[in-house]
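Residue numbers (the numbering used here), protein chains in the order written: chain A, 1 to 238; chain B, 1 to 416.
Do not take every clue at face value.
Capping the alpha-carbon separation at 27 Å, the derived lysine-lysine pairs in DSSO-like fashion look like this [said to hold, decoys possible]:
| hint | chain 1 | residue 1 | chain 2 | residue 2 |
| --- | --- | --- | --- | --- |
| 1 | A | Lys80 | B | Lys8 |
| 2 | A | Lys214 | A | Lys184 |
| 3 | B | Lys151 | A | Lys90 |
| 4 | A | Lys90 | B | Lys2 |
| 5 | A | Lys80 | B | Lys2 |
Simulated coverage check for chain B against chain A, where a stretch passes if three residues somewhere in it have a Cβ under 8 Å from a Cβ of chain A [what the hints assert, rightly or not]:
| hint | segment |
| --- | --- |
| 6 | 107-119 |
| 7 | 321-331 |
| 8 | 409-416 |
For the record, the hints were derived by calculation from the structure and aren't laboratory data.
On a predicted model such as this, the values are computed, not experimentally measured, just so you know.
No residue lacks a Cβ here, since even glycine has one placed at the ideal position from N, Cα and C.
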Amino acid sequence: MKKKKAIIDGKDLIKIYQMGDFEVRALDGASIQVKEGEFVAIMGPSGSGKSTLMNVLGCLMSPTSGEYFLDGEDVSDLDKVELAQIRNQKLGFIFQSYNLLARTPALENVILPLFYDRTSLLTDEEQQEKAIEILGAVGLADRIYHEPQELSGGQQQRVSIARALVNDPVMVMADEPTGNLDSKSGAEIMDLLVSLHKKGVTIVMVTHDPAIAKYTDRTIHLLDGKVAREVINGKEQK
Amino acid sequence: MKPIKVLKIAWLALLKNKVRSLLTMLGIIIGVAAVIIMIAISAGTEATIQDQITGLGSNLIYVSASFGQGRPGESMTSGGLVYDDAFAIADQINGVAGVVVEQSSTQTIKAGDVTLESVTIMGTTADFPSVRDMDISSGRYLTQEEIDRTKPIAVLGSSLAEELFGEQDPFGETITVDGSIRLTVVGVFEEKGMVGDVDYDSRLYTPITIVLEKLVNNQFSKFMGDRVRLIYVEVDETVGTEGERTLDDVIYQISLLLAKRHDVTLEEPDFVITTQQDIITTQESTTAAFRSLLAWVAGVSLIVGGIGIMNIMLVSVTERTREIGIRQSVGATPNDIRWQFLTEALLLSLIGGLIGVAAGVIGAWIFGQASGMRTVIVVSSVLLAFGSAAIVGVFFGFYPANQAAQLDPIDALRYE
């Protein structure tokens with residue numbers, strides 16, 4: 001079987017927050033690898049550093065030290081502008097609270113990443129077509145001109161999933177994607193993520209809910225800023 | 001990112017908060033409107049004054065007596081202008097088109113059953129209509145010969161003629177002045193309107209010799225002789241244009257002549273010569289000062305408007321922290337965010353500026369209608385106000401835009 005390339009390759013990631021006189025080591029030498037096409041959950045109790053890991057892996061911040069290769073590109077030491085461009089080109093985000101632009105139609109929300117894409121060769125019309133197509137794929141073909149406040153939580157999360165996919169990212173980062181949803185909509189969202197995964201989308205999901213983590217191939221457990229253990233298909237590793 | 005897209009985002013953002021956008025623009029609107037209205041008022045005032053000055057007649061030189069300049073110990077009778085000075089100027093100075101001497105007296109007049117009190121009887125000379133730019137509508141004006149002979153005739157201002165005789169033709173009618181002096185009407189002037197605060201239409205014009213000999217108080221008359229306070233000299237149109245004689249040459253010639261006639265030196269004259277231009281210059285410097293004061297006041301209100309924009313933009317940046325975070329998470333760079341907010345500020349001030357221009361133009365018109373003052377929209381003031389609004393927008397939009405650009409995406413996303 002052909003070896004899949006690594007999308008995430010992080011070694012000895014350390015993130016230190018300076019809080020006045022003392023420092024907090026939110027990440028303390030975490031190493032993590034995610035291969036193309038994987039669906040990975042990151043779990044851990046609060047304070048374990050999973051949010052920080054998510055922010056570092058999502059290129060929202062740089063690690064204090066350590067190496068981070070995203071899709072083969074060294075992104076451990078980039079400035080704000082370069083990080084923004086990496087996010088725009090290679091990543092898609094799904095947040096717990098959806099983070100859609102208020103009073104803005106679903107379509108506009110989905111187009112947003114393309115809007116900031118300097119390399120895009122698509123015309124405005126092509127961007128629109130693409131966004132409409134993806135909205136259709138997440139089951140919102142009849143909601144493209146609805147604004148977030150007119151949509152249910154599950155529908156809003158679908159819009160944000162569409163937004164995460166519109167720029168053909170190498171990886172989608174999901175932060176507690178079902179955290180604000182009832183169990184039925186939550187299950188629907190997870191089914192949607194699983195179906196995306198089956199189509200080959202690489203997904204890294206942060207969650208504290210073991211039931212949600214079960215949808216994934218592999219679960220990485222964090223503790224005190226380090227990777228404590230990994231579970232693949234229910235079998236204990238290490 | 002393409003500028004047109006930045007513009008579109010900014011426009012949509014403003015539309016989402018219509019009321020706030022409008023309130024933000026209010027300062028700019030008022031500022032711009034104030035600049036335009038204030039400059040319109042001052043320009044209107046200036047134009048009115050200009051009209052009045054030119055309404056007095058163009059190319060005028062005023063020769064006035066300066067009693068205060070007489071040498072100590074001499075009686076007043078030795079100083080000042082006399083009636084004959086005017087004719088000397090007319091006869092002996094080249095480049096003089098006409099000379100007018102005026103002496104007025106306020107009297108009660110009677111024509112038929114109509115009696116009018118406090119009518120200005122204007123004793124004047126033959127060149128009066130040309131120097132004062134007044135035209136005869138019916139009949140004729142006074143001739144020099146009639147003036148020399150103290151002929152009891154009169155020419156009426158248009159409104160005075162109507163008051164005394166109504167629709168009737170006043171030609172040949174008799175007017176009794178001061179109970180005893182009977183004047184025959186020979187003509188009526190066309191309407192002239194107000195010049196300064198002088199109503200030329202309500203006056204009665206008669207030979208100056210009549211006023212000097214019969215109307216001016218006897219005691220005063222003996223004391224003053226045929227003294228006059230003011231001689232109007234109208235300069236030939238060629239003066240100053242042919243290069244041979246300039247206005248200054250004419251003034252110098254008049255000074256020499258009068259000094260010789262009055263036996264005074266040019267260093268200590270008993271008369272003062274002013275030109276129309278002197279009056280216009282004085283007037284211009286006054287209105288210029290007035291105008292720049294108004295412009296400053298209005299400019300300050302523009303700056304206050306700008307501070308208003310900055311305030312609201314700062315609030316708006318805080319309020320929209322989450323939105324900024326979302327944009328950053330999908331790849332907006334600090335510059336993208338900075339441009340978005342700067343463009344919003346610029347759009348606000350430009351739209352505010354446009355509304356302000358409209359409000360200013362309409363406001364100036366309404367003000368003109370309501371107050372009866374003349375207002376003139378000065379195009380340069382519109383451009384100035386609009387341009388200042390744009391500059392104010394960029395200047396005061398920069399700080400909030402920078403604040404927005406420097407937000408950390410994680411903090412911004414977490415912001416509730």
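Against the structure, the hints come out as follows:
1. A:Lys80 <-> B:Lys8: holds, 25 Å
2. A:Lys214 <-> A:Lys184: holds, 16 Å
3. B:Lys151 <-> A:Lys90: Violated, at about 108 Å.
4. A:Lys90 <-> B:Lys2: holds, 21 Å
5. A:Lys80 <-> B:Lys2: holds, 20 Å
6. 107-119: violated (count 0)
7. 321-331: holds (count 9)
8. 409-416: holds (count 3)
Checked against the numbered hints above, the structure violates hints 3 and 6; every other hint is satisfied.
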